[in-house]
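Q: Take a look at the letters that make up each chain.
There are 2 protein chains.
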Amino acid sequence: MTSVAIIGASGMIGANLARTLIARGRLGRKSIDALILSDIRKSDIGGTDTQWVTGDAADFETINRVVASRPDVIFHVAATAMGQADSNFAIGYHINFDTVRTTVEAIRLSGDDYCPRLVHASSIGVYGAPFPALIYDASTPRPDSSYGTQKLMSEAIIADYSRMGFVDGICLRLPTIAVRPGEATHGNSGFFSNIIREPLEGRRALLPASDDVRHWLASPETAVAQLIHAANIEGRIPAYARALVMPGVPLTVEALLSALAERAGDDILSLIDRTDPPVYGPQNFPACFAAEAARKLGFPLLEEKASDFIDGFLRTHYPA
Amino acid sequence: MTSVAIIGASGMIGANLARTLIARGRLGRKSIDALILSDIRKSDIGGTDTQWVTGDAADFETINRVVASRPDVIFHVAATAMGQADSNFAIGYHINFDTVRTTVEAIRLSGDDYCPRLVHASSIGVYGAPFPALIYDASTPRPDSSYGTQKLMSEAIIADYSRMGFVDGICLRLPTIAVRPGEATHGNSGFFSNIIREPLEGRRALLPASDDVRHWLASPETAVAQLIHAANIEGRIPAYARALVMPGVPLTVEALLSALAERAGDDILSLIDRTDPPVYGPQNFPACFAAEAARKLGFPLLEEKASDFIDGFLRTHYPA
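Protein sequence lines, in the order shown, are assigned to chains A and B.
Start counting the first sequence at 20; every next residue gets the next number (our numbering).
Start counting the second sequence at 20; every next residue gets the next number (our numbering).
One chain only, chain A, in its complex shape:
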């Protein structure tokens, strides 16, 4: 028996995670006897036995209601994406950092030796340009975005609260997620999803990057599997593993477009509009990570090539 809370349960990753846990009814070998979903607004996830806590996760009032029943595992996946964090500066710090700080502080203040596993969705966005061809676990993160800064600060405070024994935290530097469901997003790495999802749904997509841009991608299903794997690591998380780059697939724009044409025919590429000149080149994204520590700890990766991303999207959104 285990109890689980998800902070940010209405977001893209949080909703995927919540639906997966509800469908399985288990976390690893343990059955889930309580599931608390929290977000600024309730979504349609969960049945009568799911408890919703709505409110701002940067407020102690909200988080205290999440923490009150002492969940064994807390997933913190509340975030605003890089585009918004950089364009709306104050909101970025509020959502991406203050909610994390409030969470660990509320846990600390709840006392009584309560020390839950805290699984946090960090990001490879903690790394900034200039990017080497391969980034090792020992490479120093130097964010070049507010989003990456907020994630790095969150990792630091979670590591400190973990060192002090208040939480047992682990931060997953998730790859860029593709194919994201929902609306086309603007700015930064959203186009990796747009150029697949939009044409497959018959809409035009804007491609602001050159063909040789390579980036580190994983599917929404992989992200959920990695978060669940982190929750199930036995014993206390070792100090070196408090922040880990997650396995992903290093894919070029060209490889994604080829796979798209292979699956849906060459004509589909006519739905893609390229900016001229490209806004982004290879220097704008980290291309490949060693992710050695995460691999050794058994973190899963459900894709290995470009067509897997397209097939995964079709399987999830257009089941036969």
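Keep in mind the hints are simulated off the structure, nothing from the lab.
From a predicted model like this one, the values you see are computed outputs, not experimental measurements.
Quick reminder that beta carbons are idealized off the backbone N, C-alpha and C, glycines included.
Incorrect hints may appear among the rest.
If you want the footprint, here are the derived chain A segments under chain B, 3+ residues with CB under 8 Å [unchecked claim]:
1) 149 to 160
2) 173 to 179
The calculated label-pair distances, taken between Cβ atoms and stated as ranges, are [stated by the list, open to error]:
3) B:Ile59 <-> A:Ala148: 37 to 45 Å
4) A:Arg314 <-> B:Ala258: 29 to 37 Å
5) A:Ala53 <-> B:Glu80: 25 to 33 Å
6) B:Arg48 <-> A:Pro149: 31 to 39 Å
7) B:Gly184 <-> A:Ala339: 47 to 55 Å
8) A:Ser129 <-> B:Glu80: 25 to 33 Å
9) B:Ala157 <-> A:Ala283: 43 to 51 Å
10) B:Leu316 <-> A:Pro149: 14 to 22 Å
Fit chain B to the known structure of chain A by using the hints.
A: Relative to chain A, chain B alone:
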């Protein structure tokens, strides 16, 4: 003409810095036409033309009074030491991080293209064990203390606000300061000062470390000279230099004790009480840093050997 503010002006470094600026009346080649000193409590520093702002630097009200006159340079040297930050958890985050965040946010919100040089006293405490024999600028900081975590988070947020053009920040990872004036301090690296100052003033000192402990030290005068150098760097601070390890001297406990005996006679060593066994060994402190970027940028270091630290203390506190 330039205007200067010091946040944390009653502290050990802040008071030294304030007295130096008042004595010189200049910062680099520019005469100081306004000096604002701020701290939770006023000290005896400054004359009739020095403006004091007393209050909590984590409150916008206080910082807005500091920022109101748009100082060209703001030194943020408010901090609580590693011992207190680790023993009084909430106060550590309040003093060592919240005051920094409030400062950069108050500057941002003041608007009107105001973008002061912000010189922040960070610390080599951002590095944690295990320590290699030599730590390079490219080495990844992994704090193993709350103090170090707070400094690392402060560096990250200052770099981000600088990238956005709200401030022109630079964080100096200062060496451990010896010989600190004042009272003997307990915990962590305070003994490097205690074993010199206390015997020279006829009191007993506790030495909790073995003779072969080596650490990275600089005098209070060097710290002030390094902060002033940072304020005087021409043009905008380059992105790679937003956080820099400062030059220091790698000294063993044995070297310090030998220099003490050389200056004050062998008998003075009888005033030193050793813990048995030693609490600290060489693995507990970073021993040596390359500090290459800071050296290239001309950051000063006023000592080179153990006896220089003792002579400097005697010169300052017992002038002929």
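Q: Verify the coverage statement for the segment 173 to 179 of chain A against chain B, using a C-beta to C-beta distance below 8 Å and requiring 3 or more qualifying residues.
A: holds (count 4)
Q: Using the C-beta atoms of Ile59 (chain B) and Ala148 (chain A), is the stated range 37 to 45 Å upheld?
A: 40 Å, holds
Q: Has the hinted range 25 to 33 Å been met by the Cβ atoms of Ala53 (chain A) and Glu80 (chain B)?
A: 43 Å, violated
Q: Between the beta carbons of Arg314 (chain A) and Ala258 (chain B), is the distance compatible with 29 to 37 Å?
A: 31 Å, holds
Q: Cβ-Cβ distance between Ala157 (chain B) and Ala283 (chain A): within 43 to 51 Å?
A: With a Cβ separation near 45 Å, Ala157 (chain B) and Ala283 (chain A) satisfy 43 to 51 Å, so the hint holds.
Q: Against the range 31 to 39 Å, how does the distance between the Cβ atoms of Arg48 (chain B) and Pro149 (chain A) compare: consistent or not?
A: 34 Å, holds
Q: Is 25 to 33 Å respected by the C-beta to C-beta distance linking Ser129 (chain A) and Glu80 (chain B)?
A: At 31 Å between Cβs, range holds.
Q: Just tell me: holds or violated, for the beta carbon distance of Gly184 (chain B) and Ala339 (chain A) against 47 to 55 Å?
A: With Cβ atoms ~52 Å apart, the hint holds.
Q: Per the coverage rule (Cβ-Cβ under 8 Å, at least three residues), is the segment 149 to 160 of chain A covered by chain B?
A: holds (count 4)
Q: Could you see if the CB distance from Leu316 (chain B) to Pro149 (chain A) stays within 14 to 22 Å?
A: 20 Å, holds
When held up to the earlier numbered hints, the structure conflicts with hint 5 and nothing else.
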